Amino acid sequence: MKTFLRLLGSELERFLARRMARVLLVIAVGIGLLVGTITYLVTDEHSAPDSKAVQECYEDLEQWGLEEWEKEEACSDWGDDRFHITWLLGDSTEDWSSTRPTPEPNRTEPFGGLNGILPAIGGILSILTGGLVGASFFGAEYRFGTIEQVLLWEPRRNRVLLAKYLTTFIGSALVATIGSLAISFSLWPTAVAKGTTQGADVRFWIDLFSTAGRIGIAAGLLGVISGTVAILTRHTAGAVMSLLGYQIIGGIIINIWIKWLAPWDPLYNAGAFLSEADTTKWVKQSNFGQTYWTEVSANSYLTAGFITFAIATVFALVGFIVFNRRDVS
Amino acid sequence: MSILKISQLSKRYRRFRHSPTVAVDTLDLNIEEPGQVIGFLGPNGSGKTTTIRCMLGLIKPSSGSVTLLGSEMPQGAAKALEKVGALVENPKFFEEFTGRRNLRLLGRIQGIRRKEIDQILDQVGLSDAADIKVKKYSLGMKQRLGVAATLLKNPELLVLDEPANGLDPAGIVEMRRLLRDLGDSGKTVFVSSHQLGEIEQVCDEVVIIDHGKVVTSGPVDTIVSSSSSTALIVTIENVDETRKVLEENGFVVSSRTNNQIEIKPAPENPAVITQILADASIYLTGLRSEEGNLEEVFLGLTKGRSGDKL
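Here the protein sequences line up with chains A and B, keeping their order.
Just so you know, the first sequence maps onto residues 98 to 426 in the working numbering.
Just so you know, the second sequence maps onto residues 59 to 368 in the working numbering.
It should be emphasised that the hints constitute simulated quantities derived from the structure, not laboratory data.
Where hints are given, some of them may not hold.
What the hints assert, rightly or not - Dumping the calculated DSSO-like pairs for lysine-lysine here, alpha-carbon to alpha-carbon at most 30 Å:
no., chain 1, residue 1, chain 2, residue 2
1, A, Lys-291, B, Lys-194
2, B, Lys-271, B, Lys-141
3, B, Lys-271, A, Lys-99
4, A, Lys-378, A, Lys-356
5, B, Lys-118, B, Lys-137
6, B, Lys-137, B, Lys-173
7, A, Lys-99, B, Lys-194
8, B, Lys-137, B, Lys-271
9, B, Lys-118, A, Lys-378
10, B, Lys-302, B, Lys-271
11, B, Lys-191, B, Lys-173
12, B, Lys-137, B, Lys-194
In this text, all values refer to a predicted model and were calculated from it rather than measured experimentally.
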């Protein structure tokens, strides 16, 4: 155990000193600063509350015969262009705990999850971080031949690979979590100075940090998958191209020809997990003699997370088999 | 306990739509006595590095067995490699890290302290460059760092594949001294090299392989003296006539500059030559014996083959 911890420590140190990890972190923080600055510049601090716009909204809705509370909900922020910090997680402008989207129990209608800025950016961030970090961490070992050096010091290949997978998971998760928090907090000055932090209650902060954590976990799991592809291809670029190809072509093929596979797509499940959304599946339904396809809820976000974990584990097992059987030369 | 025992080792690489390439072919090797420096020689592509990789458990043999320091490889690699320091082909380090950091990362796996790392860096003459990134190292410095990494474990057996690659003449002399010192201190050093002169000076024993098989092995002196590489040099006025006479008598001769003729292999009794030439009314002005060297033995055994395709 002590030897393994030393090996893990050595791998973590190597990971943290890697340029790729630092570059990704700088890019994430840079994007955060850019988004923060642009948002700050385009936000109109004098736009709300605009009673005239709200009044017009009420008048427009008169013809639809809506209830008073419905009109109030639809028009309360009409003409309000201020930046609301709650937009990080959803479209709420009220207290987050009272308006956060919550799924119906025993639903068949798919639950869309959080539709804010962070889950949207988090999907891209986790794919980028996990894909690039995993592929480069393993690919570089083959490129520089350093895997041979490590195996001369610790020939138990299972231990070496386990340490590498753990490092990839921890490293990717750290970079993605820090990146997503950096993006979130870069928007804080705009909310304070030109917008509002109204609605950011305790539940909001819990959700914000747990979303950032889930983005990290998704990135870590995608890192393990990407690392395994790099073991198979023995090449960073090969792994990145394979994943990119899968994301573009695989996504199209799954959505058009093999829809039944969609609930098992790792990228789709990772996306659902980090945004708290349901995954969906297509089922045939008949109504009045007509048969048609309809999209229904397949799994909750926690199940989606577990499926992503299971797929990453299968990939890791393939990695262990290949790494153990293959000659190092 | 045997240091290294290789029995009928073969390694074949399968190739798509081609017959397999045989890198090592039923190779046998046994090193029993510790504290020796053993040279491992062979032309490029003769199977040296593949044999070394099989020894270290990096690649699995197609057939045969390797026992390293009493442990069957590759199953017993964890136990055996604790006492083995190895440098295979070029040293492999993270270019963005300093030399010291690279060693520290390796040393951390076995809990080696910083002080010991500094001592090793000093031993290989890299103390001043220890905090420079490896990408700025010359080939010779990387080679020294590679040797430093092998010494970190304080190993019983050192396996060094071309350790003098890229070293300047002073570095080669230092490396030779280091290898000899290691051998004298009781460590067994198994070194493959192309620099036959170096091997001859530093090694107690040599193993020569070609086409994946051992061609000869044993103490350097025995191999050099038992070979037919000793020549007899005759100095004479009439070179052409002398050559004709000697060739008629079944000797293999070749001309050299300064009226010299080389007879190789040399006859056991040089007086035979003087007698034959005197009978033909040819009187030589000089006769001397020239000892062969490892290079000549090597070229003779491997038919001067170079694995490099031009």
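Results for each hint:
The straight-line distance between the Cα atoms of A:Lys-291 and B:Lys-194 is roughly 50 Å, outside the 30 Å bound, and the hint therefore fails. Annotation: proposed proximity of B:Lys-271 to B:Lys-141 holds, straight-line Cα distance about 27 Å (limit 30 Å). Distance hint between B:Lys-271 and A:Lys-99 is unfulfilled; the C-alpha atoms sit about 42 Å from each other, more than 30 Å. In summary, the hint linking A:Lys-378 to A:Lys-356 is supported, as the alpha carbons are separated by about 7 Å, within the 30 Å threshold.
Straight-line distance between C-alpha atoms of B:Lys-118 and B:Lys-137 comes to about 17 Å, which keeps the hinted pair within the 30 Å bound. For the hint pairing B:Lys-137 with B:Lys-173, the CA-to-CA distance comes to about 25 Å; that is within 30 Å, so the pair holds. For the given pair, A:Lys-99 sits about 34 Å from B:Lys-194 by alpha-carbon distance, which is inconsistent with the 30 Å threshold. Under the criterion of a C-alpha separation no larger than 30 Å, the hint pairing B:Lys-137 with B:Lys-271 is consistent with the structure, at around 28 Å.
A C-alpha spacing of about 46 Å is found between B:Lys-118 and A:Lys-378, which places the hinted pair above 30 Å, so the restraint is violated. Pair hint B:Lys-302 plus B:Lys-271 does not hold up; C-alpha atoms about 39 Å apart against a cutoff of 30 Å. Taking the CA atoms of B:Lys-191 and B:Lys-173, the gap is near 20 Å; set against the 30 Å cutoff, the hint holds. With a C-alpha separation of about 35 Å, the suggested pair B:Lys-137 and B:Lys-194 falls outside the 30 Å cut-off, and the hint is violated.
In the structure shown, a violation is registered for the earlier hints numbered 1, 3, 7, 9, 10 and 12, in ascending order.
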